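First to last, the sequence lines map onto chains E and C.
For the record, in the first sequence the residue sitting at position 41 is 1001 according to my numbering, with numbers rising by one throughout.
For the record, in the second sequence the residue sitting at position 233 is 1193 according to my numbering, with numbers rising by one throughout.
These are computed hints drawn from the structure, not numbers from a lab.
Keep in mind that this is a model prediction, so the values were computed, not measured.
Do not rely on the hints blindly, as some may be mistaken.
Copies of the same chain look alike in the list, so a pair counts if it fits in one copy or across any two.
[What the hints assert, rightly or not] In silico DMTMM-like cross-links for lysine to aspartate or glutamate, where the CA-CA straight-line distance does not exceed 25 Å: (1) Lys1291 / Asp1311; (2) Lys1291 / Glu1335; (3) Lys1136 / Glu1334; (4) Lys1034 / Asp1349; (5) Lys1287 / Asp1214; (6) Lys1315 / Asp1302; (7) Lys1034 / Asp990; (8) Lys1121 / Glu1010; (9) Lys999 / Glu1054; (10) Lys1424 / Asp1228; (11) Lys997 / Asp1349; (12) Lys1404 / Glu1345; (13) Lys989 / Glu1334.
There are 2 protein chains.
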Amino acid sequence: MTKKASSRLKKKSSKADNVRTVLLSNYSKDVLSFFQKNKIQVGDAITLTEGIKIISGNLLPQTELGDSDTIVLKQKNGYNVGVKFSSSMKVRKEGEKVQIENFPTITQKQKKGLPPISLIATGGTIASRIDYLTGGVVMASSPEEIFVNLPELFDEVSFKKIHQLYQMGSEDISHKQWIEIAKTVAKDLNSGLNGTVIMHGTDMMGYTAAALSFMLEDLNKPVVMAGGQRSSDRGSFDGALNLISAARIAGKGDFAHVMVSMHESSDDNTCLLSPGTNVRKMHTSRRDAFKTINAHPIARIDYDGTVTEISPNIRRRSEGEVTANIKYEPKIALTKIYPGSDPEILDWYVDKGVKGVILEGTGLGHVPTFPPEEEKERSWIPAIERAIDQGMFVGMTSQCLYGRTNKFVYRALRATFQRGVTYLEDMLPETALVKLGWVLGQQKSEEETKKMMTSNLRGEIHSKSYYFKE
Amino acid sequence: MTKKASSRLKKKSSKADNVRTVLLSNYSKDVLSFFQKNKIQVGDAITLTEGIKIISGNLLPQTELGDSDTIVLKQKNGYNVGVKFSSSMKVRKEGEKVQIENFPTITQKQKKGLPPISLIATGGTIASRIDYLTGGVVMASSPEEIFVNLPELFDEVSFKKIHQLYQMGSEDISHKQWIEIAKTVAKDLNSGLNGTVIMHGTDMMGYTAAALSFMLEDLNKPVVMAGGQRSSDRGSFDGALNLISAARIAGKGDFAHVMVSMHESSDDNTCLLSPGTNVRKMHTSRRDAFKTINAHPIARIDYDGTVTEISPNIRRRSEGEVTANIKYEPKIALTKIYPGSDPEILDWYVDKGVKGVILEGTGLGHVPTFPPEEEKERSWIPAIERAIDQGMFVGMTSQCLYGRTNKFVYRALRATFQRGVTYLEDMLPETALVKLGWVLGQQKSEEETKKMMTSNLRGEIHSKSYYFKE
Chain E
961 MTKKASSRLK
971 KKSSKADNVR
981 TVLLSNYSKD
991 VLSFFQKNKI
1001 QVGDAITLTE
1011 GIKIISGNLL
1021 PQTELGDSDT
1031 IVLKQKNGYN
1041 VGVKFSSSMK
1051 VRKEGEKVQI
1061 ENFPTITQKQ
1071 KKGLPPISLI
1081 ATGGTIASRI
1091 DYLTGGVVMA
1101 SSPEEIFVNL
1111 PELFDEVSFK
1121 KIHQLYQMGS
1131 EDISHKQWIE
1141 IAKTVAKDLN
1151 SGLNGTVIMH
1161 GTDMMGYTAA
1171 ALSFMLEDLN
1181 KPVVMAGGQR
1191 SSDRGSFDGA
1201 LNLISAARIA
1211 GKGDFAHVMV
1221 SMHESSDDNT
1231 CLLSPGTNVR
1241 KMHTSRRDAF
1251 KTINAHPIAR
1261 IDYDGTVTEI
1271 SPNIRRRSEG
1281 EVTANIKYEP
1291 KIALTKIYPG
1301 SDPEILDWYV
1311 DKGVKGVILE
1321 GTGLGHVPTF
1331 PPEEEKERSW
1341 IPAIERAIDQ
1351 GMFVGMTSQC
1361 LYGRTNKFVY
1371 RALRATFQRG
1381 VTYLEDMLPE
1391 TALVKLGWVL
1401 GQQKSEEETK
1411 KMMTSNLRGE
1421 IHSKSYYFKE
Chain C
961 MTKKASSRLK
971 KKSSKADNVR
981 TVLLSNYSKD
991 VLSFFQKNKI
1001 QVGDAITLTE
1011 GIKIISGNLL
1021 PQTELGDSDT
1031 IVLKQKNGYN
1041 VGVKFSSSMK
1051 VRKEGEKVQI
1061 ENFPTITQKQ
1071 KKGLPPISLI
1081 ATGGTIASRI
1091 DYLTGGVVMA
1101 SSPEEIFVNL
1111 PELFDEVSFK
1121 KIHQLYQMGS
1131 EDISHKQWIE
1141 IAKTVAKDLN
1151 SGLNGTVIMH
1161 GTDMMGYTAA
1171 ALSFMLEDLN
1181 KPVVMAGGQR
1191 SSDRGSFDGA
1201 LNLISAARIA
1211 GKGDFAHVMV
1221 SMHESSDDNT
1231 CLLSPGTNVR
1241 KMHTSRRDAF
1251 KTINAHPIAR
1261 IDYDGTVTEI
1271 SPNIRRRSEG
1281 EVTANIKYEP
1291 KIALTKIYPG
1301 SDPEILDWYV
1311 DKGVKGVILE
1321 GTGLGHVPTF
1331 PPEEEKERSW
1341 IPAIERAIDQ
1351 GMFVGMTSQC
1361 LYGRTNKFVY
1371 RALRATFQRG
1381 VTYLEDMLPE
1391 TALVKLGWVL
1401 GQQKSEEETK
1411 KMMTSNLRGE
1421 IHSKSYYFKE
């Protein structure tokens, strides 16, 4: 819990009993009747005893995904603990009660005259809190549960629409969810709102950002994704700044891009807005995990809301309507090249009806090409020829991530290119995969597909590569 | 050609005719007899005419892999051109001859009293030059062809053994080559040499560095790999500094590691020595493409040879012998997780007899785990269970590259871990793959394999992760 939120808790006056009942609603019937019998309410200082075991603390609500038979207490040392309920348990009230407020509804908080935006919640750590039973992180039950710690948000924008589309970790999000999100964004923006904020898990945020970039045709307003690397009840919660920055840009930013708003550094001072087709999670846990690759960030947003533009290629807000072009071919694959990588995987994909494969080659875009004669089964060239003969699209990117593929410099590159592999310039492998699904979804000719894949449609390919050192 | 080399060319006096003949030896019989008939020698300023086509320049040697019927000329503007020979061609000498020396043998150059080391050449850009017919890059025919531009090398070390093991692009190098290199290194080091330098292509240098790290048991001397991002006849040739730095460390450096010596920045001033299990090519073409990930570089080497140690975990030279433990299981695979990634690939690998798979998961080590019920075939959990039931080792790394996996924080991580997936801490995916092949090669029990994979054997796992900002 942030300092601000905890000081707000102390200032609040006591609330009606029915609010407390709502707070307890995630406990099981047995636990609830135990509380009612003993006249225990949320916030009460209680001591639970069972045989020789004794534990004391203030009673907290249980979260929606928590174990409903586990009683959560905030102890004096500040830590929360979970205690499994048992019918032989005894309870007594003693010590000072703390006030715990229910989550006010967002409509109660809205102020007038602020830029109207919409919010799409999909889950992820930004919408999570620690489960004090397991010590793990669980999804919050609603955006309200997050916003309770973010009163500043309601001084910046007015949330005209809130969609709780999913409560999913982003590792589980795929093209069907992208389609739903794209349709929702287009509807909201075309209804006259200034922009949209999307709360999303960080793991696959880059993939979703790329997918929305392609699906939202003629985008004329900001679509800003925000995630969190730390859960919302922790002091190091980064989602707050990421979300507020996203909301500010959605409300007033003059950028018609799908963007990702995440911390620039480990300090809680600035966010960078990365273009949706050039962004990648480059650290498992750091708050500044998201990097703009082969491009410039769109802008930097200070904690006080100051926006500094960085990219020389900014698309501005404009009139007109955005279209959700949601045609998508999911039968695609990405495969990484490494010493001993088995080229027959391409045959397997052909057999499975996969329409296109992105290779994550080495360096400038290599595959094993000319191994020694006695190891010739290691060459990818015959399998590439077979796959392309069968009508599969084979695109080349680099596992270096930074930089640009090249189809000419080395003999092995030329050999691969001459077999029909499409070299995808400086596109990220993940963006290339998502773009391929979208381009194949348009069902154009083979030639037109190749042309689209090597053309810059949404800022994913650059005539000159940037190397922005963050 | 570097400035130094070109000024050396001008200073040299004329050489005997037989040297020139050697230089021309890569031309075809027709071209050679055409030159002999017209008394043309390497370096002569000539004008070739064929019909109305005229081209002038100084005659250059042809490289071993070049087209033997293509005459290479250096033009006045500094560019080299290739002209296809035709029997109807005419030639006349006119203008100033330039002196082009033959490649002196390395033994001719050796000085006494310098640290004795060995050199293993495997190919790669560091051993390449431009082919002036195609504009592409081709392999040089011998280390001498590289060393001609690097007289400084012979003031630093004495090359007691030179092994031209391969002339391969590193994309074609795999475990059989690693084994040969490891055996050669062990033999050289145990014969009393101070260290070994390995010239290697950059694409898969990280994989080879990891493989040698595991194969060379009880390593007691420096093994330093050097590559080039630019070919050796270009002014921006980075291989020179990388190679000289590598030779200096092999000769005198007090480091008993397999290391990679590559440019620290785009300037030609310093190299960083990266530990072989923590290094990755992170740019397709920049000279400072190699980054040390989740660890500190061992040391920085200035162009003047000054060595500054950086890592707090340096293993020193010691007495004793190094052993080449070359047992290796090649039936392994690496597969990357992405939205819509097909978990049945694990079944395919099981069917193929693959013994272990490294997953490149998202974030802290996620796979699609709890997709919506109607898309449940997207979950990787059932396929993981089947693979592990069949005795396959399944290891988890992160496609973030930087940072550490975690098997506890989220419910989905715990679910994956509980199915038997081994979380591989902060190991790079590529290092984890190579390590898996080596660990499986030792043919230990399932439990012992898991223990070895999660133990730090060669600096590949760190109890605390480093974030060295280069």
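Hint by hint, here is what the structure shows:
With identical chains, the CA atoms of Lys1291 and Asp1311 are at most 25 Å apart both within one copy (12 Å) and between copies (22 Å). Taking the shortest alpha-carbon separations for Lys1291 and Glu1335, only the inter-copy value of 14 Å comes in at or below 25 Å, while the best intra-copy value is 31 Å. For a Cα distance limit of 25 Å, the shortest separation of Lys1136 from Glu1334 across copies, 11 Å, qualifies, whereas the shortest one inside one copy, 46 Å, does not. Within a single copy, Lys1034 and Asp1349 get their C-alpha atoms no closer than 65 Å, and across copies no closer than 42 Å, so neither meets the 25 Å cut-off.
Proximity of Lys1287 and Asp1214 under a CA criterion of 25 Å is satisfied in neither setting, with 28 Å inside one chain copy and 60 Å between copies. When the C-alpha separation of Lys1315 and Asp1302 is checked against a cutoff of 25 Å, the pair qualifies both within a copy, at 19 Å, and between copies, at 14 Å. When the C-alpha separation of Lys1034 and Asp990 is checked against a cutoff of 25 Å, the pair qualifies only within one copy, where the shortest distance is 21 Å, while the shortest distance between copies is 91 Å. For the identical chains of this complex, Lys1121 and Glu1010 are neighbours neither inside a copy (48 Å) nor across copies (77 Å), given an alpha-carbon limit of 25 Å.
Taking the shortest Cα distances, Lys999 and Glu1054 sit within 25 Å of each other inside one copy (13 Å), while across copies they are farther apart (110 Å). When the C-alpha separation of Lys1424 and Asp1228 is checked against a cutoff of 25 Å, the pair qualifies only between copies, where the shortest distance is 23 Å, while the shortest distance within a copy is 32 Å. Taking the closest pair of Cα atoms, Lys997 and Asp1349 never come within 25 Å of each other, the shortest separation being 75 Å inside a single copy and 50 Å across copies. For the homomeric pair Lys1404 and Glu1345, the shortest alpha-carbon distance inside one copy (21 Å) is at most 25 Å, but the shortest distance between copies (40 Å) is not.
Within a single copy, Lys989 and Glu1334 get their C-alpha atoms no closer than 71 Å, and across copies no closer than 31 Å, so neither meets the 25 Å cut-off.
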